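Number of protein chains: 2
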Amino acid sequence: MQLFFHPDLSSPSITWEGPEFHHATHVLRQGPGMTIHLTDGAGRLARAEITHLEKKKATLVIRELTEKPAPSPEVHLFVAPTKQIDRMEWLVEKGTEIGVAGFHFFTSYHSERRVIRKDRLEQIALAAMKQSNRLHLPVIHPLIPWRDALVKAGIYPVRLIAQAGGPTHLTALAATKAPVALLIGPEGDFSEQEIQEALMAGFTKVQLGEYRLRTETAALIAAALIVPF
Amino acid sequence: MQLFFHPDLSSPSITWEGPEFHHATHVLRQGPGMTIHLTDGAGRLARAEITHLEKKKATLVIRELTEKPAPSPEVHLFVAPTKQIDRMEWLVEKGTEIGVAGFHFFTSYHSERRVIRKDRLEQIALAAMKQSNRLHLPVIHPLIPWRDALVKAGIYPVRLIAQAGGPTHLTALAATKAPVALLIGPEGDFSEQEIQEALMAGFTKVQLGEYRLRTETAALIAAALIVPF
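Same order as they appear, the protein sequences are chains Y and V.
Just so we're aligned, residue 1 is where the first sequence starts under our numbering, counting upward by one.
Just so we're aligned, residue 1 is where the second sequence starts under our numbering, counting upward by one.
Careful, some of the hints might be misleading.
Where chains are identical, the list cannot tell them apart; a pair therefore holds if satisfied intra-copy or between any two copies.
Cut-off 20 Å, straight-line C-alpha distance, at most; resulting in silico cross-link-like pairs (DMTMM-like, lysine to aspartate or glutamate) [said to hold, decoys possible]:
{"no.": "1", "residue 1": "Lys56", "residue 2": "Asp148"}
{"no.": "2", "residue 1": "Lys68", "residue 2": "Asp8"}
{"no.": "3", "residue 1": "Lys55", "residue 2": "Asp189"}
{"no.": "4", "residue 1": "Lys205", "residue 2": "Asp189"}
{"no.": "5", "residue 1": "Lys83", "residue 2": "Glu122"}
{"no.": "6", "residue 1": "Lys177", "residue 2": "Glu210"}
{"no.": "7", "residue 1": "Lys68", "residue 2": "Glu210"}
{"no.": "8", "residue 1": "Lys55", "residue 2": "Glu187"}
{"no.": "9", "residue 1": "Lys152", "residue 2": "Glu54"}
{"no.": "10", "residue 1": "Lys177", "residue 2": "Glu20"}
{"no.": "11", "residue 1": "Lys205", "residue 2": "Asp119"}
{"no.": "12", "residue 1": "Lys118", "residue 2": "Asp148"}
{"no.": "13", "residue 1": "Lys83", "residue 2": "Glu93"}
{"no.": "14", "residue 1": "Lys118", "residue 2": "Glu192"}
{"no.": "15", "residue 1": "Lys55", "residue 2": "Glu20"}
By construction, these hints were calculated from the structure, which means they are not laboratory data.
Remember, predicted model here, so these are calculated numbers, not experimental data.
Next comes chain Y alone, as it looks inside the complex (with noise of 0.2 Å):
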């Protein structure tokens, strides 16, 4: 299945234009009568049917709707960005992969990177999710200082923060259902007072064995080990 993504699927009669109509229709010679799949990124998948072609653009009309809950428990990641912003790149790419639901960068006392661009990050969001069939997009959210990340990651119930040489490894805590806030140093990992705002902050600390795993590697390989597969 080839899955395409409009942000609105609300309405019984859809218009569809863009780039994506155009690969669909131009590339993939799709035409009236066929049937394309479409979702919303917020769960909803349509089966639709191109009744109406322009050069521009075209009507469909949605044959069945179904809805799929979002992988669950939720794992949203607050991470550092790395110097290198490819890295971050693969981190969104594979995390939406895996089922990741929200990606929040945050720049603390050891940042080397003070900027992110976002639209290109939720450009490749988008194709993740849609490579991947899964039918929802995860938030790609502004680049934000470390106290205000720090609030934000507050309002999960579960509130991890990955240190290495802690007391208690990750798969002790990753057995929740409930909505879990990750938060990932950079390179130079986190400050010793950031460490300290972060447990008074509620967040318990957790490692991820005894070697020392890139920014991006601890991020994907702890939400790995929460969420669902």
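Since chain Y is already given, all that's left is putting chain V on it; use the hints.
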């Protein structure tokens, strides 16, 4: 701890030269009397002292030698390389970080790529081993045809082939201490005949959930669910 590589730590006094020597002494300014940590990639860690320094080489005396067992179970990935080679490079980097024992590459019916650069992948594995403070360097095996890979994978006690939609989930088979061979198909998946050949050779189909993962994602996540953390 910054870890360096030396292929032979079997005698108490060693000669050190090459790019790592150069980096340590010329860039990091390590000199006589200073301590260097070295691994041979086969489980050994040496704490050594620089006793004599020349421009192009140094003599090191090993003061302490410790040894670690390899991660158990061993995971041997058998992967049909992806069209984009950077996806394989990333698999080797991340797989090394999490403790994969070996990477085997094969060409199969639907393979798009028929060549890999073994030396480049070895460099990536070496860098990832040192970066993650591991003492075991995974073996990068040359690209071989599908049937040879099947014979090679057949020597491992636990033999798995990743297949979407199968009855058995990987996690049901992941709790093993015996070495595992895991076959991951190309982007166009295995052919029906290849799957039959694997089943006849005693492989068990395992799936990784209902979504479509890319080759390299499937390989990494499957390994992460098997290796110990």
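Item to check | Intra- versus inter-copy proximity for Glu122 and Lys83 (alpha-carbon distance at most 20 Å) | outcome: Within one copy only: 19 Å inside, 24 Å across.
Checklist entry - How would you label the pair Lys152, Glu54 (within, between, both, or neither) given a Cα cut-off of 20 Å? => result For Lys152 and Glu54, the Cα distance exceeds 20 Å both inside one copy (45 Å) and across copies (55 Å).
Next on the checklist: Cα distance capped at 20 Å. Does Lys55 pair with Glu20 within a copy, between copies, both, or neither?
Outcome noted: Within one copy only: 13 Å inside a chain, 60 Å across chains, cut-off 20 Å.
Item to check | Homo-oligomer pair classification [Asp8, Lys68; C-alpha up to 20 Å] | outcome: This pair counts as within: shortest intra-copy Cα distance 16 Å, inter-copy 56 Å.
Next on the checklist: At most 20 Å between CA atoms: does that hold for Lys205 and Asp189 within a copy, between copies, both, or neither?
Outcome noted: within (13 Å within a copy, 40 Å between copies)
Checklist entry - How do Lys56 and Asp148 come out at 20 Å by Cα distance, when the copy is not named: within, between, both, or neither? => result The answer is neither: 43 Å in one copy and 51 Å across copies each exceed 20 Å.
Checklist entry - From the Cα coordinates, with 20 Å as the cut-off, is the pair Lys83 and Glu93 best called within, between, both, or neither? => result The answer is both: 17 Å in one copy and 17 Å across copies each meet 20 Å.
Next on the checklist: Within, between, both or neither: how does the pair Lys55, Glu187 come out at a Cα-Cα threshold of 20 Å?
Outcome noted: neither (49 Å within a copy, 32 Å between copies)
Item to check | Status of Asp119 relative to Lys205 across identical chains (alpha carbons, at most 20 Å) | outcome: neither (32 Å within a copy, 39 Å between copies)
Checklist entry - At most 20 Å between C-alpha atoms: does Lys68 with Glu210 qualify within a copy, between copies, both, or neither? => result Result: close only across copies, 12 Å inter versus 38 Å intra.
Checklist entry - How do Lys177 and Glu20 come out at 20 Å by Cα distance, when the copy is not named: within, between, both, or neither? => result neither (35 Å within a copy, 47 Å between copies)
Next on the checklist: I want to check one pair: Lys118 and Glu192. Are their C-alpha atoms no more than 20 Å apart within a copy, between two copies, both, or neither?
Outcome noted: Cα proximity of Lys118 and Glu192: none, with 29 Å in one copy and 41 Å across.
Violated hints, in rising order: 1, 3, 8, 9, 10, 11, 14; the structure is consistent with all others.
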